[in-house]
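**Student:** Residue strings, one per chain:
There are 2 protein chains.
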Amino acid sequence: MASLTEFSLAETIAVLTRTPATLNALLRGLPDVWVHGNEGKDTWNAFDILGHLICGERTDWMPRVRIVLESGEAQTFDPFDRFAQEKESQGKSLEQLLDDFEALRAKNVAALEALNLRPEDLERRGKHPELGVVTLSELLATWAVHDLTHVHQLSRVMAHQYRDAVGPWKVYLGVLRCSGHSAP
Amino acid sequence: MASLTEFSLAETIAVLTRTPATLNALLRGLPDVWVHGNEGKDTWNAFDILGHLICGERTDWMPRVRIVLESGEAQTFDPFDRFAQEKESQGKSLEQLLDDFEALRAKNVAALEALNLRPEDLERRGKHPELGVVTLSELLATWAVHDLTHVHQLSRVMAHQYRDAVGPWKVYLGVLRCSGHSAP
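If you read the sequences in order, they're chains A and B. Residues in the first sequence are numbered consecutively from 1435, following my numbering. Residues in the second sequence are numbered consecutively from 1435, following my numbering.
Since the hints were derived computationally from the structure, they do not count as laboratory data. Certain hints may be false.
Copies of the same chain are indistinguishable here, so a pair counts whether it falls within one copy or spans any two.
Listed next, the in silico SDA-like pairs over lysine to any residue satisfying Cα-Cα at most 25 Å (straight line) [what the hints assert, rightly or not]:
id, residue 1, residue 2
1, K1526, D1466
2, K1561, D1476
3, K1604, E1557
4, K1526, R1559
None of these values were measured; they are calculated from a predicted model.
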């Protein structure tokens, strides 16, 4: 399987461990325009994106890893509530969300490492409510690429705030032509 | 002008100062697959993108700011060589490039702050070799959005390495459907 030859647990963990520090460096202390600006009605700002990543740490990734290892295809994953952060993030500051994400991710990566997964474990199967049969390696690869899709979205949402300010340079700045395929 | 009401020098500097730390958190020590993988023939990897950002610090942004302030529209900007990094980065490690970018950006932001630009300075005009008349605020906004366009590209190039590894989740991960509008 192409997906298995390309996947590496160590490479995946290398991305997962870096995302909290990346978002911290990018977002902590930023002026409001960058944190609260979105791309229009029913789109996410930096605060929403961070809340969504936190919900994933709490309810999605490691719980699904455990379901695969404990029940395989016999227990379908719970659907991921992509709007849970609207309630979860209420009343919190961006700084609190950055701290929460860092702590949760560190705990989850430690739990993943403690599983000491063997190559054959990575081929174990689970059942996604919409996608059907998936493997553990696909779940872990998706966790890392999900981080990247939201870094991608975040840079686009931030750039959007200056779509007029750049004047004629707009034509050279690809991020301003991104059509939001990574929107929630 | 809409572009002037939306532009803020302090907001722009807030982004410019954070990009080196963001790239450092994301890239330093990452396994080779993420640093040297690209999107195919004649596309950039993380190493190339960082080299390109360094060239911009050396030859593009602050030199153009000075041309606007000193000569206005009388002196057309030099074209930006988007492939200069192929020579400039030769023999360097990713860690050296991260250090170089951090040092150059810090020096350039300090130089920008030392200009003590007034609101009326931000409306001063320069001449771009292809785009024609541009303002100083547009140049500075573009500097920040150029950072974001390469964060956007970088997250896409990294995600591309796991396009098969994610299996059926591919359909949910927007970054894997990004068509490369922010490619060089």
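**Student:** Now tell me if each hint is right for this structure.
**Tutor:** Cross-check of the supplied hints:
| no. | hint | verdict |
| --- | --- | --- |
| 1 | K1526 - D1466 | within (14 Å within a copy, 37 Å between copies) |
| 2 | K1561 - D1476 | neither (30 Å within a copy, 39 Å between copies) |
| 3 | K1604 - E1557 | between (45 Å within a copy, 18 Å between copies) |
| 4 | K1526 - R1559 | neither (37 Å within a copy, 43 Å between copies) |
Hints 2, 4, counting from the list given before, are not met by this structure.
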